[in-house]
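S.K.: Note that the protein sequences, when read in sequence, are chains A and B. Counting from 1, one number per residue, gives the positions in the first sequence under my numbering. Counting from 1, one number per residue, gives the positions in the second sequence under my numbering.
In short, the hints are calculated from the structure, not lab data. Quick caveat, the model's predicted, so the values are computed rather than measured. Cβ atoms here follow ideal geometry from the backbone N, Cα and C, with glycine treated the same way. Take the hints with a grain of salt, since some may be wrong.
Partial pick of chain A residues on the chain B-facing surface, computed with a CB cut under 7 angstroms [said to hold, decoys possible]:
1. 174
2. 201
3. 275
4. 280
5. 282
6. 293
If we take Cβ atoms under 8 angstroms as the criterion, some of the chain B residues that face chain A in the derived model are [to be verified]:
7. 8
8. 14
9. 28
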Amino acid sequence: MGQGLDLFAAVSTEGAWTVTQVTRRARAVVEAGFPPVWVRGEVSGFKAWQSGHWYFALRDRSAQIRCVMFQKDNRRLPAPPGDGMQVFVFARPTVWEEKGEFRLTVVDLLSTEAGGLWQLAFERAKAALAKDGLLDPARRRPLPRYPHRIALVTSPDGAALRDIIAVAARRWPLAELLVVPTRVQGDGAEDEICAALGLVCRLDGLDLAIIGRGGGSREDLWTFNHERVARAVAALPVPVISAVGHETDITLCDLVADVRAPTPSAAAEAATPDRADVLIELDRLGARLARGLAARSGRVAERLDRSFDRLTGTLERRLERHRHQLAGLAGRLDALSPLRILERGYALARDAEGRVLKRVAQFPEGLAFRLRVTDGEVATRVEGS
Amino acid sequence: MARAREPLNFAQQLDRLEEIVRRLEGQDLDLDEALKLFEEGIERLREARERLTAAEAQVKQVLTDHAGRLKVEDFDG
Chain A
1 MGQGLDLFAA VSTEGAWTVT QVTRRARAVV EAGFPPVWVR GEVSGFKAWQ
51 SGHWYFALRD RSAQIRCVMF QKDNRRLPAP PGDGMQVFVF ARPTVWEEKG
101 EFRLTVVDLL STEAGGLWQL AFERAKAALA KDGLLDPARR RPLPRYPHRI
151 ALVTSPDGAA LRDIIAVAAR RWPLAELLVV PTRVQGDGAE DEICAALGLV
201 CRLDGLDLAI IGRGGGSRED LWTFNHERVA RAVAALPVPV ISAVGHETDI
251 TLCDLVADVR APTPSAAAEA ATPDRADVLI ELDRLGARLA RGLAARSGRV
301 AERLDRSFDR LTGTLERRLE RHRHQLAGLA GRLDALSPLR ILERGYALAR
351 DAEGRVLKRV AQFPEGLAFR LRVTDGEVAT RVEGS
Chain B
1 MARAREPLNF AQQLDRLEEI VRRLEGQDLD LDEALKLFEE GIERLREARE
51 RLTAAEAQVK QVLTDHAGRL KVEDFDG
């Protein structure tokens, strides 16, 4: 650290320091004179390098200072700050020897704006999801009424899983619960969750998925605010219930899910019908079935009755018509009767055998015949001709 | 995944039952057809009740083997 250098020797050219020596000395002085401090200022010229390190300047009205925040420190932050943002940084002042630059090595960064970086990252990711239509309420699918296979994406040893299993198994014995284990918080949890959701997509005959976690701090929820996780949830081929947020903290995962449940138990309740209710529903269907058949046979009987009435009505009408016809015929028969003709003064001549004699040739001299007149018969004989 | 698929799952069975009831309550159906539907309905009702009372929820765990194949095992959490 240049301790061996004599500051007084450097007053002449013979004792001149090298650039390295002086910057190293400056660095030692700066680092010894400053404990890590909180510094407040406005971000400008922000740049995230390929390496993952962040470079930017902090400034106020009259000064600015270069800052670096290494990847190992900034990875804990949900989002990079934007230019113009007012922030607090917790930093070690130092001198960067290669550039001879006074700068801050930032180990933590807080935004002073409402909600800070978390909020900022949330809003950014939310806007990206909204742009792709993933937050559209019309996307939400109805849950199946009688689910069979239900995937549970959560920590295998958390209270959340135990609650879901207990509630679902009690309510709905037809359920087959498929646990897809994953870490739900901590570094890299989002990768595991995305992988677990990938497995869910490959399950056959799945009806429904629940993604859940128990309680935890607000920061622990962050896993479910990753845009990647939200997109993986949105991409599931079956309806999803999200039970990861708190009452007051809605995660992006909640927003893209088809249904949001306040707790894992509530998710299990939303996912399954209650056996008792379904048995009642079955009774109701049974009653409707019986009533339906009764009404149906009643209607058939009614129709038969109606047909019978129509049939007898037709017959009666036909008979009536025949009666009229007969009466008419009788009248006409009556009018044609020869007796009626005799009444008008005509007579009918018949021989002994009863043959009607209609021509002169039938009346030879001396023939005895009978004349039928209206009130009886007269015996007669032909005399001369 | 080795689970044998039942000819109709519960949801489908109930759908069918509801359809039967609706048709029976509808207008255009002769008595013969109605009777057949009624009998099927009663049978489905009985099966559904049996399923509900006999079944017990199963809990399994989904894992992948080294080749990335899905494995479904009993879960004992």
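S.K.: Against which earlier hints does the structure fall short, listed by number upward?
M.R.: 2, 4, 7 and 9
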